[in-house]
Each structure stands twice: as structure tokens, then as C-alpha cells.
Amino acid sequence: MQSTGTVFPAQVRKNRLVRMTKKALCLTGFHTVMVILSLVFMFPFLYMFFMSVMTNTQSVGNPEVIFFPTEWHFENYAAVFDESFIRYFFNTFLIIACNLIFVPLACSFVAFGFSRCRLAGKEALFAVVLATLMLPAAVTQIPLYVIFVDIGWINTPLPFIVPALLGGGSMNIFLVRQFMRGIPASLDEAATIDGASKFRVFFSIYFPLCKPILIFTMIGVFNGTWNDFMGPLMYLRKPDSYTLALGVYYKFAGRLTEENFPNIQMATGVIMVIPSAVVFFIFQKQLIEGVSIGAVKG
Amino acid sequence: MQHAARKKKSLKRFIKDNWVGAVFVAPVFIGIAVFTAWPMLQSLYFSFFSEYNVISPPTGFGLLNLRRMFVYDDDLWQAIGVTFTYAVINVPLTMVLSFMLAVLLNRKYKGIGVYRVLIYLPVIIPVTVNGLLWRNVTDVQYGIANKFLTTLGLPASNFFDAASSCMPSFIILGLWTLGGGMILWLSSLKNVPQELYEAAEIDGANAAVRLFTITIPMCTPMIFYNLVMNIIGALQTFGTVYTLTGGSPGKDNALLFWMMKIYNDAFDINGATMGYACAVSWLLFFVIAVLTAVVFKTSRWVFYGEEA
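One line per chain: the protein sequences are A and B, in this order.
Each residue of the first sequence is one higher than the last, beginning at 1 in my numbering.
Each residue of the second sequence is one higher than the last, beginning at 1 in my numbering.
Since the hints were derived computationally from the structure, they do not count as laboratory data.
Some clues are possibly wrong.
In silico PhoX-like pairs for lysine-lysine, Cα to Cα no more than 20 Å straight-line [stated by the list, open to error]: (1) A:198 <-> A:122; (2) B:108 <-> A:285; (3) A:22 <-> B:108; (4) A:285 <-> B:110; (5) B:16 <-> A:122; (6) B:190 <-> B:110; (7) A:285 <-> A:211; (8) A:198 <-> A:211; (9) B:190 <-> B:108; (10) A:122 <-> B:108; (11) A:285 <-> B:190.
Okay, the calculated bits of chain A under chain B, using three or more residues with CB under 8 Å as the criterion [said to hold, decoys possible]: (12) 43-56; (13) 102-113; (14) 125-136.
Everything numeric in this text was worked out from a predicted model, so none of it was measured.
Don't be surprised by glycine CBs; every beta carbon is placed ideally from N, CA and C.
Use the sequences and the hints to build the structure in full.
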């Protein structure tokens, strides 16, 4: 009894030591791998930032290709904001502002019809809305170009605003409808008994309650518009009307040469990433939750 | 008489019951009619005209476009080949790698959220910036990529200056956006009931067995969703490649994607053929529809939870 009593704790201590070393080694290994991976994934940002502060000569690899700048020229950032950049920025801003206002209104309005109103053939109608999600953009984009030429919308922001007004996008309708279904129906029943019309019920009860999901749709609207390249490429054909994504593309379409100012290019890149990054960091939680709602539709 | 009256009354009643709902959903159907259905009909109509450049009315009605597609437009088949090569390699590759990242990061260590954010971040880079950035990185002469490769003692690459390295380079650069898939996987991994793992551990199942018998089967709905979305997305690749190559289809058309072919035909400065572009986009639509249907039809492996 006594002998085992003395051996046992020592054994336990030894085992625990082995286990702890093993765990620590495992953890160190894991973190080493993750730090390396993170650095690899951060490479685009580091590259952009470092190149953005180089001199033009350094940025084209003269006298040699370098990753870290030897001098820090933050004045490069001032060169980003030339007349054309500011013009493109305002064009983009106008589109984003209109969409941020109208899309949440439009999609929750329609979603309310699908989730809280009597409507014959509702499920079939909703299936039609969802089916448009599967359509490849290519089949509509070219004829839309023709239509926009006919009605004089080319080189105006209208192609990016008006369609969004009408329904605010099938995916957004779907998301808001899902959300509305989770709101207890007793709420609007009480209001209806009090004599409020469906429209009042929507505007005074449902629209405000949908705030969390509407924030998610607004993040999507912002990112979608800020990044959109193909739409502007097709419908905006005069420099005056370019959005930032398109304008910056044309401005720097060329090789890594001094005439193309790679350092200013990368400074522009950093400036364009900042709004996306700010939105991401502020709304990280909503973004991740919203992504899973969208994906689990089955 | 009475019957007609009742009918009229029921119609009135039908309107009375439904008009509010109809008003609410009307905007989206106006939108679909004007910006989806009508353009699609137009596209179908244009696709029968071999000569149409928007400026003058379409001419050359007939099946000439079909002939051009299947008989003498070699570029189209190049584009279809490129697009399928990309889809076949890229879809499984990105799905597997982003899944591995998610499994790796699906732990409760302190500070793990930082890794997740850092790995996700490249996804937020706007496509234009993405193009500029990687075009500079992969410049054969002065880019940093070749500098890294040679410093590590590896051979320098021709990247987008040689047909053979175009596609591999494009696919590898795409891996920086694995974080997008990763957060989807993470959200589905979180929904796997913890007690399944506990039960398996009691039964003595090791990590690999748990991965293949619990994690992967429980994630099949997400695998299915990702598969469908990624195939549809891969077949419509456009912006990422267009911004990267500056609108060029790459050396020897090695990066002539299907959508780029459509765009180039529609907006060719030396004679736009909108009608043909429409016909080709219908072919793309058809292929996407068939592939999606096949994936749905063969989706018996998807596990949607225990049937009650």
C-alpha cells in the first residue's frame, strides 16, 4: 500500500509532464504553421503597402527588385487623388448611396409580401424569384446593353440604380423573407385588430425589426458596388462616367514600367482597399452570420 | 345568371383578398419582366442574326450563328476548353484546400480568430486592385515573384508571358481568396453536434476516422451548396482574369475564358457581332443549366439530417 502510494504520484506527475510537453509542442507547431500561413495570406497587403511608399524607380525594380522600401515616400498617397480619381469616386459614391437607401427598402417591401400577406400562388411566385438567381448574367447583360443604348442609359449611373430599386435583388429578398418568418405573427395581428393597414404594419413594425438582416444586405450592396467591374465595363464607355473600379483599371492598364507609376498604382490599391476593410472590421459578426443564413437554404 | 353573378362575386373577392399582397410583390416582378425576361427574349431573338452591331438593325437571319459556333469558330472551342480546364481543376482544389483551412482553424485556441481574419482578408481586395497587384507581382522581369523564386533556388517562371504557365499561375493566384470558402466551411463545422465527436471518441475513433465518418458527412449540405455555386462561378469567370491580363486572353489564348469570348464578340471594335455573342451566351446558359441539373440529380449523397 505504502510503496504504491509513493510511486503513484510520481508516475502521474511524469505522465502529466509528458502530456503537457506534447501539448505544448503541438501548440507551438500549430502556431508556427498558422503564423507562416497568415504571412503568406497577408502578402498582397504588405506588397501593396511597401510598394506604395517606394520611389517610382524603385517600384519598377531599378536598380534591383526589392520587397521592403529603403525610403518611405508617403507623399505618393497625395498623388492618388488627382482630378480623375475624385470624379470616379463621386460617380461610385452616387451609385452606392442610392443603393444603400433603396435596396433595403425595396427588398424588405417585397419580402413582406411573400412572408406576411395573403397571395394566391405565393410559393410558385417565390420560386420564380429564386430561379433568377441561377441565371447566368451573360444571357441578360448583352441585350441589356442594347436596351440601355436605346433608352439612353449608357454612360449614366441609371443601369446600376434602377434595377436595384425594383425588388432590390432576389438574394436579398430571400434573406429578408427568411428573417421575417422568424418574427412572431402575433405582432401584426394585434396591429391589424387595431385597424392598421398592411402598409402601416410593414413600415412601422416589420421594416424597423428587420434592421439586423438589412444591415447585412447593405454590406453586400456596398461590397458589390464598390467591386463591380463587369457592369461598368459594359455600360460605362466614357471616362466621365467611370466608377472607381473601372477608372482605376483603365488608368493603370499596362505593364510594370515607370510610365505606369507602379508605386502610385499600389497607393491607389491601398486607398481602395481601406473602405472594404473598414466595412469588414465593423460588421465582421453580421457578415459571418449572414453568410451562413444565405448558404443554408438547401 | 346566378352562376355568372357568383363568379363575378368570387372574382371580386379574389381581388379583395390578394391585392395587398400583389402590391407588395409587384416591384420584383416588374423588375424581372423588364430587366430579366425581356432581355432574355431579346437575346434569343438576336441570336438568330449573324450581323448585328447595335448601331444598324440586325441582318442575316437564320442559323448561321449555329454554324459559326459548331463548325468554324475554333476560338470558341478554345474558350470552352480553357473554361472547363479551369473549372475541373479549380473547383475541387479550392474546395479541398479551403475545407482543410477551416478544419485547421476550427479550434477553440486563444487568438485563433486573428488567424481566421488574416486568412480571410485577401477576399475583400476589389477585383481591379487584385488585378493590378498580381500583374505587378508576376511581372517576369521586374516582379517580386521571380525574385522570391530565384532567391529560394527555384527556376523563374514566365507567368503570363508563356501559354503553358498562364493557367497554373492564374489558379495559384486564386488561392489567396480561399478564405471566402473557409468561412462558409467554418459556419457549417460549427453546426456539427459536439456529442457526435464525444461518442466517437469514447468508441476510440481517431481524428482521421472522425473526419471521414462525422465531419465530412455532416458537411455534405455545404459541400453541395459550394459545389453548385463554385461550378456556376467558375464557368462565368471574367473580372478576375480580365483585370489581371489587362483584357487580353493571354498568350495563345491560354486564358480565353468563355465569358471573355462573349464579351469580345459583343464589343469587338473591328465589327461587333452581338447576335453571335447572344447565341454563345445561350450555349453557356444551357451548359450551366445541364451541369446544375446533373449535380442536383446526383445529390443523393447529401445528408440533410435524420428523417423523422
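Now the hints, each set against the structure:
no. : hint            : in the structure
1   : A:198 <-> A:122 : holds, 17 Å
2   : B:108 <-> A:285 : holds, 17 Å
3   : A:22 <-> B:108  : holds, 18 Å
4   : A:285 <-> B:110 : holds, 18 Å
5   : B:16 <-> A:122  : holds, 16 Å
6   : B:190 <-> B:110 : holds, 17 Å
7   : A:285 <-> A:211 : holds, 14 Å
8   : A:198 <-> A:211 : holds, 19 Å
9   : B:190 <-> B:108 : holds, 11 Å
10  : A:122 <-> B:108 : violated, 44 Å
11  : A:285 <-> B:190 : holds, 15 Å
12  : 43-56           : holds (count 6)
13  : 102-113         : holds (count 5)
14  : 125-136         : holds (count 7)
Hint 10 from the earlier list is the only one contradicted by this structure; the remaining hints agree with it.
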